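Q: The residues making up each chain are set out below.
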Amino acid sequence: MLAYLPNFLFALILIAGVGCFARNIKKVIRNIKLGRAVNYGDNNKQRWSNMARIALGQSKMVVRPISGMLHIVVYLGFVIINIEVLEIIIDGLLGTHRIFAFMGGFYDVLIATFEYLALLVLIGVIVFWLRRNVQRIKRFLSPEMKGWPKNDANIILYFEVVLMCLFLTMNAADLQLQQLGSAYYVAAGNFPISSFIAPIFDGMSEASLIIVERTCWWLHIVGILIFLNYLYFSKHLHILLAFPNTFYGRLTPKGEFANLEAVTNEVKLMMDPNADPFAAPDPDASEEPPVKFGASDVLDLSTTQLLNAYTCTECGRCTSECPANQTGKKLSPRKIMMDTRDRLQEVGKNIDANGTFVDDGKQLLGDYISHEEIWACTTCNACVEACPISIDPLSIIMDMRQYLVMEQSAAPTELNGAMTNIENNGAPWPYNQMDRLNWVDE
Amino acid sequence: MSEQIKVPTMAQYMNEGKVPEVLFWVGCAGSFDDRAKKITKAFVKLLHKAKVDFAVLGTEESCTGDPAKRAGNEFLFQMQAMTNIEVMNAYEVKKVVTACPHCFNTIKNEYPGLGGNYEVMHHTQFLKSLLNEGRLKVAGGKYKGKRITFHDPCYLGRANNEYEAPRELLQKLEVELVEMKRCKSRGLCCGAGGAQMYKEPEPGNKDINVERTEEALTTQPEIIAAACPFCNTMMTDGVKATEKEGDVAVMDIAEMIANAQDL
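Residue numbers (the numbering used here), protein chains in the order written: chain A, 1475 to 1916; chain B, 137 to 399.
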């Protein structure tokens, strides 16, 4: 019975780790669904292809070649090394060791590939760390990156370093044990990288080597499970959400801003000469609450926009391309996404505590995002273009402008002037519409 | 008053029972802004030269609503849009060309949902098609070999993925096109979009148009080519702010093509 203790322990840890993660993911999905429903139409073919190209194929990452190539290395490493995790899980549950070893030569290739990738990931992650902490690239130093976001980014890198080191050390000890002919350690695998680490353990007893190997093995898998559960609290959720986010990304030209349907109905009524302004409301019409124009809080945003917020990994490519940000304005598209997520998390916790959302006197606009940020945008779409995983910060800015103008009449004074001109004489400047053709004779 | 140019209106066409090949949407800047009016005239000259059967709406044209929409005033936008659509549909407009990327984007992308379905072209696209059809000849003339950089308008480039039409025209002008570091899909905005044209910028450490003009000047151009009346204003102001107005001109591609032929 005692012989099965490790198997039980492993199963327990695995269930707890995956279970905890599933619970948090459910929370993420619930929070995203707090947004307005979106009709995505039936363009699934195009959507799958976008996902394959942008998320799976990393097509937009390489716009910036250095970080792009490094990212592809880490991403490929992450995905492929997970095959090894599958073996680890099966071994853990069955109490076997290197159960895939029966594949023979192919297994050697696999393990060798994992090792090369582990080394590449290690190098990539170290360069990433240097870029953030030594080279101090500007987009990692924006005001919104102070405190937790900065630590979060480094913690992720430390996790990956530790996991890769554990993996390689485990293999090194395993290699030594294989060479000693230790009973449990079948001779399998090819260890191009860890064979350089193995000499550290020269002269160690078999028992000590087993302790090293087992410790690394357990810490590695437990580390992966902790990392999995860390995602929910971190910007690192992008490793999962990049896929749905690119799937649900916009398919229309970036210049096309959606027309508000509620407004269309009212404008049509206004312009219809046959409409009776004094007509009694249709008694059959459902009692819908009056529509709120634009967005002042996360609940006014769409599910796509909320998914965007959870997907953002705070790389800051949007902010570094933003003309307003580059000229010292307060606007940072990345901060718009971070604020949206923070507020959504706050609303989610509110719901967890109260069963339903209880007004907390706060909202996204004003308490998180200032009017100054909203009015600094030139709607140039540079942020949207820059995002490697189809996040659209501009749409949130536009929704907030709509709220400010249509619900609060809080447009900057000069804009009110321009809008009055458009309304009165059909041009943003105070020229008479009847003079519109005067240029011909000038 | 300079030489008289003939600009028929849709109303005149209708009176004669005719429908023009294309509606030239002049836009507010093209109608009222002194600098932009020159672009409008240059484009009209090219239309005549290529024997394009065109008309304008004249006093029946009104703001597309782009600045209102981008300022967040969806009501005003849709009122403008629906009024314009009513007028255009009444004239049975099929094809629209405009020298303003903002008008272009709005009519092309945002009018269909409100009942306005037209084939919409930016003037650089239209000129390119005239060129391809052999109706218009573009040759270098005085611009041959000149060092020129092109500033991509956001609403033509990123918004609608058109980066090549203006560049092809510049190529035909036989200029030496020098790209800025931030060009095409990564082009920096001139600072006018999103209704910023009509307000003071938010507090910062620099004006966007100065930042962009400085970048353009690093390519040592003789001319900064533009394809949007608002970019044109912003870049012209930028050139003035950097005290280079004696050395560097900001010109619309249509003006360059017209000038090259001494139109």
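Derived by calculation from the structure, the hints in this document are not laboratory data. Computed from a predicted model, the values in this text were never measured in an experiment. Take the hints with a grain of salt, since some may be wrong.
Claimed, not checked - Per label pair, the in silico range of CB-to-CB distance:
1) A:Lys1519 with B:Glu304: 29 to 39 Å
2) A:Gln1609 with B:Glu315: 41 to 51 Å
3) A:Lys1519 with B:Gly251: 21 to 31 Å
4) A:Lys1836 with B:Glu315: 39 to 49 Å
5) B:Asp189 with A:Glu1897: 28 to 38 Å
6) A:His1571 with B:Tyr299: 50 to 60 Å
7) A:Ile1713 with B:Asp189: 26 to 36 Å
8) A:Val1536 with B:Glu304: 24 to 34 Å
9) B:Lys320 with A:Asn1481: 33 to 43 Å
10) A:Asp1909 with B:Lys320: 49 to 59 Å
Glycine included, every Cβ here is placed at the ideal spot set by N, Cα and C.
Q: With reference to the structure, classify each hint as holding or not holding.
A: Taking the hints in turn, this is what the structure says about them:
1. A:Lys1519 with B:Glu304: 29 to 39 Å: Between Lys1519 of chain A and Glu304 of chain B, where Cβ atoms are some 31 Å apart, the hint holds.
2. A:Gln1609 with B:Glu315: 41 to 51 Å: violated (27 Å)
3. A:Lys1519 with B:Gly251: 21 to 31 Å: holds (28 Å)
4. A:Lys1836 with B:Glu315: 39 to 49 Å: Taking Cβ atoms as reference, Lys1836 of chain A and Glu315 of chain B lie about 47 Å apart, which means the hint holds.
5. B:Asp189 with A:Glu1897: 28 to 38 Å: Holds: the Cβ-Cβ distance is about 34 Å, inside 28 to 38 Å.
6. A:His1571 with B:Tyr299: 50 to 60 Å: holds (57 Å)
7. A:Ile1713 with B:Asp189: 26 to 36 Å: 58 Å Cβ-Cβ, so the 26 to 36 Å window is violated.
8. A:Val1536 with B:Glu304: 24 to 34 Å: The hinted range 24 to 34 Å holds for Val1536 of chain A and Glu304 of chain B, with Cβ atoms some 26 Å apart.
9. B:Lys320 with A:Asn1481: 33 to 43 Å: violated (58 Å)
10. A:Asp1909 with B:Lys320: 49 to 59 Å: violated (37 Å)
The structure does not agree with the numbered hints 2, 7, 9 and 10 stated previously, though it agrees with the rest.
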